[in-house]
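Enquirer: Take these sequences, add in the hints, and give me the full structure.
4 protein chains.
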Amino acid sequence: MHVREGDIILLYRSLKRKFVVKVEKGRDIHTDLGVIRLSNVIGLPYGSRVKTHLGEEFILLKPSILDAVYIGFKRKTQVIYPKDAAYIILTASVSSGSRVVEAGTGSGCLTAILAYLVKPTGRVYSYEVREEFLEVAKENLNSVGLLDYVELKLKDIRKGIDEDQIDAVILDLPDPWNVVEHARKCLRSGGVLVAFLPTINQIERTSIVLRDLGFIDICVVELLLREYRVERDSTRPKTLMVGHTGYIVSARRP
Amino acid sequence: MHVREGDIILLYRSLKRKFVVKVEKGRDIHTDLGVIRLSNVIGLPYGSRVKTHLGEEFILLKPSILDAVYIGFKRKTQVIYPKDAAYIILTASVSSGSRVVEAGTGSGCLTAILAYLVKPTGRVYSYEVREEFLEVAKENLNSVGLLDYVELKLKDIRKGIDEDQIDAVILDLPDPWNVVEHARKCLRSGGVLVAFLPTINQIERTSIVLRDLGFIDICVVELLLREYRVERDSTRPKTLMVGHTGYIVSARRP
Amino acid sequence: MHVREGDIILLYRSLKRKFVVKVEKGRDIHTDLGVIRLSNVIGLPYGSRVKTHLGEEFILLKPSILDAVYIGFKRKTQVIYPKDAAYIILTASVSSGSRVVEAGTGSGCLTAILAYLVKPTGRVYSYEVREEFLEVAKENLNSVGLLDYVELKLKDIRKGIDEDQIDAVILDLPDPWNVVEHARKCLRSGGVLVAFLPTINQIERTSIVLRDLGFIDICVVELLLREYRVERDSTRPKTLMVGHTGYIVSARRP
Amino acid sequence: MHVREGDIILLYRSLKRKFVVKVEKGRDIHTDLGVIRLSNVIGLPYGSRVKTHLGEEFILLKPSILDAVYIGFKRKTQVIYPKDAAYIILTASVSSGSRVVEAGTGSGCLTAILAYLVKPTGRVYSYEVREEFLEVAKENLNSVGLLDYVELKLKDIRKGIDEDQIDAVILDLPDPWNVVEHARKCLRSGGVLVAFLPTINQIERTSIVLRDLGFIDICVVELLLREYRVERDSTRPKTLMVGHTGYIVSARRP
Chain Z
1 MHVREGDIIL
11 LYRSLKRKFV
21 VKVEKGRDIH
31 TDLGVIRLSN
41 VIGLPYGSRV
51 KTHLGEEFIL
61 LKPSILDAVY
71 IGFKRKTQVI
81 YPKDAAYIIL
91 TASVSSGSRV
101 VEAGTGSGCL
111 TAILAYLVKP
121 TGRVYSYEVR
131 EEFLEVAKEN
141 LNSVGLLDYV
151 ELKLKDIRKG
161 IDEDQIDAVI
171 LDLPDPWNVV
181 EHARKCLRSG
191 GVLVAFLPTI
201 NQIERTSIVL
211 RDLGFIDICV
221 VELLLREYRV
231 ERDSTRPKTL
241 MVGHTGYIVS
251 ARRP
Chain U
1001 MHVREGDIIL
1011 LYRSLKRKFV
1021 VKVEKGRDIH
1031 TDLGVIRLSN
1041 VIGLPYGSRV
1051 KTHLGEEFIL
1061 LKPSILDAVY
1071 IGFKRKTQVI
1081 YPKDAAYIIL
1091 TASVSSGSRV
1101 VEAGTGSGCL
1111 TAILAYLVKP
1121 TGRVYSYEVR
1131 EEFLEVAKEN
1141 LNSVGLLDYV
1151 ELKLKDIRKG
1161 IDEDQIDAVI
1171 LDLPDPWNVV
1181 EHARKCLRSG
1191 GVLVAFLPTI
1201 NQIERTSIVL
1211 RDLGFIDICV
1221 VELLLREYRV
1231 ERDSTRPKTL
1241 MVGHTGYIVS
1251 ARRP
Chain F
2001 MHVREGDIIL
2011 LYRSLKRKFV
2021 VKVEKGRDIH
2031 TDLGVIRLSN
2041 VIGLPYGSRV
2051 KTHLGEEFIL
2061 LKPSILDAVY
2071 IGFKRKTQVI
2081 YPKDAAYIIL
2091 TASVSSGSRV
2101 VEAGTGSGCL
2111 TAILAYLVKP
2121 TGRVYSYEVR
2131 EEFLEVAKEN
2141 LNSVGLLDYV
2151 ELKLKDIRKG
2161 IDEDQIDAVI
2171 LDLPDPWNVV
2181 EHARKCLRSG
2191 GVLVAFLPTI
2201 NQIERTSIVL
2211 RDLGFIDICV
2221 VELLLREYRV
2231 ERDSTRPKTL
2241 MVGHTGYIVS
2251 ARRP
Chain H
3001 MHVREGDIIL
3011 LYRSLKRKFV
3021 VKVEKGRDIH
3031 TDLGVIRLSN
3041 VIGLPYGSRV
3051 KTHLGEEFIL
3061 LKPSILDAVY
3071 IGFKRKTQVI
3081 YPKDAAYIIL
3091 TASVSSGSRV
3101 VEAGTGSGCL
3111 TAILAYLVKP
3121 TGRVYSYEVR
3131 EEFLEVAKEN
3141 LNSVGLLDYV
3151 ELKLKDIRKG
3161 IDEDQIDAVI
3171 LDLPDPWNVV
3181 EHARKCLRSG
3191 GVLVAFLPTI
3201 NQIERTSIVL
3211 RDLGFIDICV
3221 VELLLREYRV
3231 ERDSTRPKTL
3241 MVGHTGYIVS
3251 ARRP
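Protein chains in written order, with my numbering: chain Z, 1 to 254; chain U, 1001 to 1254; chain F, 2001 to 2254; chain H, 3001 to 3254.
Simulated from the structure, these hints should not be mistaken for laboratory data. Just so it is clear, CB atoms sit at the ideal spot from N, CA and C, and this is done for glycine as well. Careful: at least some of the hints might be erroneous.
Calculated cross-link-like contacts (lysine-lysine; reagent style DSBU-like; alpha-carbon spacing at most 30 Å) [what the hints assert, rightly or not]: (1) Lys238/Z - Lys3076/H; (2) Lys1238/U - Lys1153/U; (3) Lys159/Z - Lys138/Z; (4) Lys2238/F - Lys2074/F; (5) Lys1016/U - Lys2238/F; (6) Lys2025/F - Lys2051/F; (7) Lys2051/F - Lys238/Z; (8) Lys2238/F - Lys1076/U; (9) Lys2016/F - Lys1238/U.
Derived Cβ-Cβ restraints for the label pairs, each shown as a range [what the hints assert, rightly or not]: (10) Asp164/Z - Ile1042/U: 22 to 28 Å; (11) Gly3145/H - Asp1233/U: 43 to 49 Å; (12) Asp3032/H - Lys22/Z: 50 to 56 Å; (13) Gln165/Z - Asp1148/U: 24 to 30 Å; (14) Asp2162/F - Asp3032/H: 41 to 47 Å; (15) Asn1142/U - Lys25/Z: 50 to 56 Å.
Expert: Okay, here's the thing in structure tokens:
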């Protein structure tokens, strides 16, 4: 496969030096290792090496969904980490054909991952109250060709959920307890609610409301990701670590 | 939706008491809370409550893919945990349409999760050298209707990979370094190799071979999952924890 | 040094097979590897090997304070783990000459460690409301010769602390917030209060009371201990782990 | 107690703004909140508040051993964390009267904590090959009045240990396996060797040498410290965390 105008590409140099950009004629990418002319990239096969004007090499790749979201997307908000997104989507059994309600949309990062999984026959209904975020999310989703699988809704999910027979409701907002009753109505039997929350107090309150409203299979977990620096005869975890992102509460409608 | 003969159902009582069974006329499920007659379950709507002969209630649900795999599957081998499976599938960008090579098949747990994600248009090529495991995996995959998306192969993946233009190679075997060269050939540009390994020595050796053979974007991580016991005014992590499952090495073909 | 009657000794076979016993003429120790006659042990130098009647060898050692407390002590209560005890004593700057108030005494495990550190010139004042625990603690402390450095007090510390100019107050009880005011009075300027607590709700409440009563340098931490199984070319963390013991709140009187 | 010239004092403003300084007439302490004249501090009782020339208050305290070491000491080297120091000293049963061998001295941080615990009758024998570090350590230890309990030795511990009947040998150097044989000779029966090491490869090699040379009770652990940010109804772990310092290997001479 060869690079065409309009493609989103990954320029990879190292774990810390990656760029996700849209190929446009005449556009230049400025890096600390020199400038890459995107005009020169058009027509090259994926996997090629391209040089900056200083002769430094980058590898040209198709971005994965994680590259696209975590490197390419504009961000207006705190973004969910891949470790948490991964656990959420498997806990919620999201795959092609799933119908998922999500709130808030934020910059659309989790929305994009969900859309990537439910395509081509499923759908993501994403609620957001801040119009400026919806705009950013729309642009981000469009840039990776996933907007078709998403319905972006300018609506406060605390006021109600319009859909029904939903497979999963995924909540990344500060007061999910105000959404549990709506989620119960929109979920199919056995459907999953997942909430992502930074504080212990929020998980306590959410869990209690879930129990009170008859949800079952309630689990609360957190995930710690530890990265390793591997060298021959000198392998060790990295010194600094993200020690906390958030807790994940999951439950099912009976 | 109503239960039909031949359905796989989840009988849920509590976090610790769940059964995944196939509905067959005349079959009885013996639990420590009494016997459930499956004949009586046929025709009931999902979400119903059913009683054992001792009057204890279970809720009748459609099992999620995780229920099916982790409760319903016969296991002949050590099984990958959901936290690791989740991280692996997102790292490998597996979704509908993906073409994935996996080894070894084992009991088919990860195979099933992969098949669930690549369906309906993708495919999982799963290599295994022990014929008895392939039989178990086949039966497990068939029980959840996912066998159509999987090609089970009685072949030592160290001897070579038959496919090409593969999106991801996922290795859960003790010596992935013997597969890296084959993986490089079968992966498309930008395709991902992921290896799951229990010891530090294995990740060191695997990482070095990946680097030597030109793979990029090499990451080594481990995930710790901590479960919480939530009670009003008394919330805390659970005392016992699985402190180690394995390390995850990921890399990409340039 | 040679073993004398009345000595407390450690009989060591492996990490999982250790016994701490008092040497008494005519006493036999029954293990799953056979019987050890303590009469035969008297007069042997420490470091000797002794055999059971089945010919299995144990090594004869002087027990460390941790052996004495965690293997030798009678336990009537949940016991603080070494990782937490260690962090607490260093945070509280306990060493020879320190004057420490502790509550509740429980089985006297932390009391013994504190006494071991403050000896010979310091003193531990240990409060307990359940008389039967004080009896056990007394016996335990006496068995290791540390009773002289401890004042065991049958008193509810919530009713007040009798001592003053105390260097550290260490609280292992469910409602430390009821002791903070008393602790403030008994501590010297710069003296440290440490509370060990299993739930998040308790640390929140304790921290807030500490702040409200003018304590400074308030820190809340938890410690996770991970054990490794080391084998040549096969080193990994142990599978099972204690995922939670408790949180440690520390603060100082200005 | 009142501040006298020559005292080491702690000036505390908040968890992030602490100073440990020696009181000298005419000396000024420059902080981002203004200047504190130490001449004005002499004669004040500990626990007083002092003001900078901008009117900002600091609390005047006697520093704890941790304040003295971690805030007051000059550092020329990577320094062991309190969580690890705490676990090491309890594992090695260090208390008043203990005779401890340590290498390398480095900036003397662990040396000072050991001296603080063994005083007044015990002794720390600290080996270091780099003379400039010994100078720094000497100055640091002297500043807190602990030099009398330490023998600083300009000697490569790999060449041998001069002392005998030692209670504990504590090694913070890259190749402890070269010291194990010497440690075995100098330790009393039951004495403890502890090594602190950043990489997995080092713990594997050290553990194997310990086993081969007949050490018993070999344990390898690591400690993860997680700090919490406590606010009413909003309590959570801190986002950033030190994810790795080092592994601790301990063993005993039979």
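Enquirer: Hint by hint, note whether the structure agrees.
Expert: Comparing the hints with the structure gives:
1. Lys238/Z - Lys3076/H: holds (22 Å)
2. Lys1238/U - Lys1153/U: violated (41 Å)
3. Lys159/Z - Lys138/Z: holds (22 Å)
4. Lys2238/F - Lys2074/F: Holds. Lys2238/F to Lys2074/F sits at ~28 Å (cutoff 30 Å).
5. Lys1016/U - Lys2238/F: Holds, at roughly 24 Å.
6. Lys2025/F - Lys2051/F: Judged against 30 Å, a Cα distance of about 17 Å means the pair holds.
7. Lys2051/F - Lys238/Z: violated (47 Å)
8. Lys2238/F - Lys1076/U: Holds, at roughly 22 Å.
9. Lys2016/F - Lys1238/U: Holds: Lys2016/F and Lys1238/U sit about 24 Å apart, inside 30 Å.
10. Asp164/Z - Ile1042/U: 22 to 28 Å: holds (26 Å)
11. Gly3145/H - Asp1233/U: 43 to 49 Å: holds (46 Å)
12. Asp3032/H - Lys22/Z: 50 to 56 Å: violated (45 Å)
13. Gln165/Z - Asp1148/U: 24 to 30 Å: holds (25 Å)
14. Asp2162/F - Asp3032/H: 41 to 47 Å: Hint holds: Cβ distance 43 Å, inside 41 to 47 Å.
15. Asn1142/U - Lys25/Z: 50 to 56 Å: holds (52 Å)
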